[in-house]
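Residue numbering for the sequence shown follows this note's numbering, starting at 42 and increasing by one per position.
These are computed hints drawn from the structure, not numbers from a lab. It cannot be assumed that every hint is accurate.
To be verified - Calculated pairs, BS3-like style, for lysine-lysine (alpha carbon to alpha carbon, straight line, at most 30 Å):
| id | residue 1 | residue 2 |
| --- | --- | --- |
| 1 | Lys-192 | Lys-119 |
| 2 | Lys-377 | Lys-411 |
| 3 | Lys-407 | Lys-390 |
| 4 | Lys-360 | Lys-308 |
| 5 | Lys-154 | Lys-241 |
| 6 | Lys-203 | Lys-147 |
| 7 | Lys-192 | Lys-241 |
| 8 | Lys-203 | Lys-297 |
| 9 | Lys-186 | Lys-254 |
| 10 | Lys-254 | Lys-295 |
| 11 | Lys-297 | Lys-104 |
| 12 | Lys-295 | Lys-147 |
| 13 | Lys-163 | Lys-147 |
| 14 | Lys-203 | Lys-227 |
| 15 | Lys-254 | Lys-119 |
| 16 | Lys-411 | Lys-241 |
| 17 | Lys-84 | Lys-104 |
To be verified - Taking CB as the label site, the calculated pair distances span:
| id | residue 1 | residue 2 | range |
| --- | --- | --- | --- |
| 18 | Lys-186 | Arg-76 | 41 to 47 Å |
| 19 | Lys-84 | Ser-259 | 27 to 33 Å |
| 20 | Trp-191 | Arg-109 | 53 to 59 Å |
| 21 | Lys-84 | Ile-117 | 19 to 25 Å |
| 22 | Lys-186 | Arg-109 | 35 to 41 Å |
| 23 | Asp-102 | Lys-308 | 36 to 42 Å |
| 24 | Thr-384 | Lys-421 | 33 to 39 Å |
| 25 | Glu-226 | Asn-414 | 20 to 26 Å |
The structure presented is a predicted model; accordingly, all values stated were derived computationally and were not measured. We put the CB at the ideal spot given by N, CA and C, even for glycine.
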Amino acid sequence: MDYKNILVINLMHIGDLMLATPVLRTLRANYPDARITLLADKKLRDLVEFNPHIDECMLIDKKGEDDRLGAFIRYIGKVRAKHFDLVINLHRNERASALAAFSGAKHIVGYSKPGFSLFFDKVMQNPSVAHHIGQGPFQLFPPHKYVPGWKHQVTAHIEVLKEAVGVTIIDDGGLEMQLPPGAEEKAAALWEEHFDRDEKVVAFNIGASWETKRWPDSYFAKCADNLISRGYAVAFFGGPMDTEFVESCVSQMKEKDSPRIHVFTGKVSLGVLAGMLRRCVLFLTTDSGPMHIGVAMNVPIVTMFGASPVPGFYPYDEKDVLIKAPEPCHPCGIHKCPHEGETNLGCMKHMPPKLIMKYVDELLEKYEDKVGNMPSHYGKYQCRVIEPTMDEAVAAMDR
42 MDYKNILVIN
52 LMHIGDLMLA
62 TPVLRTLRAN
72 YPDARITLLA
82 DKKLRDLVEF
92 NPHIDECMLI
102 DKKGEDDRLG
112 AFIRYIGKVR
122 AKHFDLVINL
132 HRNERASALA
142 AFSGAKHIVG
152 YSKPGFSLFF
162 DKVMQNPSVA
172 HHIGQGPFQL
182 FPPHKYVPGW
192 KHQVTAHIEV
202 LKEAVGVTII
212 DDGGLEMQLP
222 PGAEEKAAAL
232 WEEHFDRDEK
242 VVAFNIGASW
252 ETKRWPDSYF
262 AKCADNLISR
272 GYAVAFFGGP
282 MDTEFVESCV
292 SQMKEKDSPR
302 IHVFTGKVSL
312 GVLAGMLRRC
322 VLFLTTDSGP
332 MHIGVAMNVP
342 IVTMFGASPV
352 PGFYPYDEKD
362 VLIKAPEPCH
372 PCGIHKCPHE
382 GETNLGCMKH
392 MPPKLIMKYV
402 DELLEKYEDK
412 VGNMPSHYGK
422 YQCRVIEPTM
432 DEAVAAMDR
């Protein structure tokens, strides 16, 4: 079908929105003359507002003026007034499902909550996210079996385009982000203010939305000490909610008074963050939104996955390294670890700094002289996954 006016909905968080960008490129390849609009969370506008594959970015203030029922109904009216002939929903929650269902579009496809799905022409399951399968009578009551996702989120989104929309050209250019006006200039100014011209900077992102995704502060501190002692600078990023974690990390460092420590946590916009990340030689990060921004900025990444399922959300670039927790309960998908005492957050504790630094050093040796000139990687998105045994993890622990 030849669609002329297309809306893509993704109201999720930083990483989820970044993982939707290959959809926009593929849609443009298949419908070069169509008007393509993206509907996203207003606070994340820096990530997508200037994407070259869309004509318009509609923004909804999820936690502000559009959060009330009356305001939300009026927002649906704004969507209906656009007279879309195709709506693709890439966010399976009530708000996004309602926007799609009541959009008035001629054709509505994608992920949906039950009830709203009655208004969809084609509903797809999302094989990248976890499924909780009921084990009680009629599979309605707990306990539930946790089944992690088995396909990457980008792959799942592309399948929506192929099966529900009927696209024939797959143009997956990886994760993309175009900096908003002024962000590059601000990033350049901050860089010049804080770093020497030839200084090599390693970026740290130590926060995460779940407790079970956070590597211990003390481990980050040891990695930072190691790098600073070898002449690297360390730049801490993250949002305002990560400030406490960064302060705790720095306080545990032997090099806590070093001029090579630079803290930008909670101080820069997403656009400026991106501009600074692409000047870094490496990004050591948890499974988090900034990790996916780092992928889009083509900076080498080392990341640790504890509770997170690897197949669904690994960094989408072959040069990156993911270390998977050796715990038998990985991946649990639980936001708060149910274990107590020494076994609490054992998944993260059993990926010690010595083990992680092995792969940090490998990537630094390979890429640290290529900042600003990273090789092209179109179509090469399966990152390297390291699966240490428990014996290897224990052997790398400090004694």
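Status of each hint after checking the structure:
With a C-alpha separation of about 34 Å, the suggested pairing of Lys-192 with Lys-119 is violated against the 30 Å cut-off. Of the pairs offered as hints, the one joining Lys-377 and Lys-411 is violated, with about 39 Å between alpha carbons and a cut-off of 30 Å exceeded. Proximity of Lys-407 to Lys-390 is assessed by CA-CA distance (about 27 Å); at most 30 Å being required, the pair is judged to hold. A distance of roughly 29 Å separates the Cα atoms of Lys-360 and Lys-308; the hinted pair therefore holds under the 30 Å criterion.
Straight-line distance between C-alpha atoms of Lys-154 and Lys-241 comes to about 47 Å, which puts the hinted pair past the 30 Å bound. At roughly 18 Å between alpha-carbon atoms, Lys-203 and Lys-147 fall within 30 Å of each other, so this suggested pair holds. Simply put, Lys-192 and Lys-241 have alpha-carbon atoms about 35 Å apart, too far for the 30 Å limit, and the pair is violated. Pair hint Lys-203 plus Lys-297 does not hold up; C-alpha atoms about 52 Å apart against a cutoff of 30 Å.
Our distance criterion of 30 Å between C-alpha atoms is met by Lys-186 and Lys-254, whose separation comes to about 21 Å. Between the alpha carbons of Lys-254 and Lys-295 the distance comes to roughly 25 Å, so the proposed pair stays at or under 30 Å and holds. As the CA atoms of Lys-297 and Lys-104 are separated by approximately 37 Å, the hinted pair breaks the 30 Å bound. Of the supplied pair hints, the one linking Lys-295 and Lys-147 is violated, its CA atoms being roughly 62 Å apart against a limit of 30 Å.
This hinted pair checks out: Lys-163 and Lys-147 have alpha carbons roughly 12 Å apart, not beyond 30 Å. Straight-line distance between C-alpha atoms of Lys-203 and Lys-227 comes to about 40 Å, which puts the hinted pair past the 30 Å bound. Taking the CA atoms of Lys-254 and Lys-119, the gap is about 37 Å. The hint is violated against a cut of 30 Å. Only pairs whose Cα atoms come within 30 Å are accepted, and Lys-411 paired with Lys-241 is accepted, the gap being roughly 11 Å.
For the hint linking Lys-84 to Lys-104, the alpha-carbon distance of about 9 Å falls within 30 Å, and the restraint holds. Distance hint for Lys-186 and Arg-76: a CB-CB separation of about 44 Å, consistent with the stated range 41 to 47 Å. The hint said 27 to 33 Å for the Cβ distance between Lys-84 and Ser-259, and at roughly 31 Å that hint holds. For the pair Trp-191 and Arg-109, the supplied restraint of 53 to 59 Å is violated, since their beta-carbon distance comes to about 38 Å.
At roughly 20 Å, the beta-carbon separation of Lys-84 and Ile-117 lies within the given 19 to 25 Å, and the hint holds. The hinted range of 35 to 41 Å is satisfied by Lys-186 and Arg-109, whose Cβ atoms lie roughly 38 Å apart. Between Asp-102 and Lys-308 the C-beta distance comes to about 23 Å, which lies outside the given range of 36 to 42 Å. Take Thr-384 and Lys-421: their Cβ atoms lie about 38 Å apart, and the range 33 to 39 Å holds.
Distance hint check for Glu-226 and Asn-414: the Cβ-Cβ separation is about 21 Å, which falls inside the suggested range of 20 to 26 Å.
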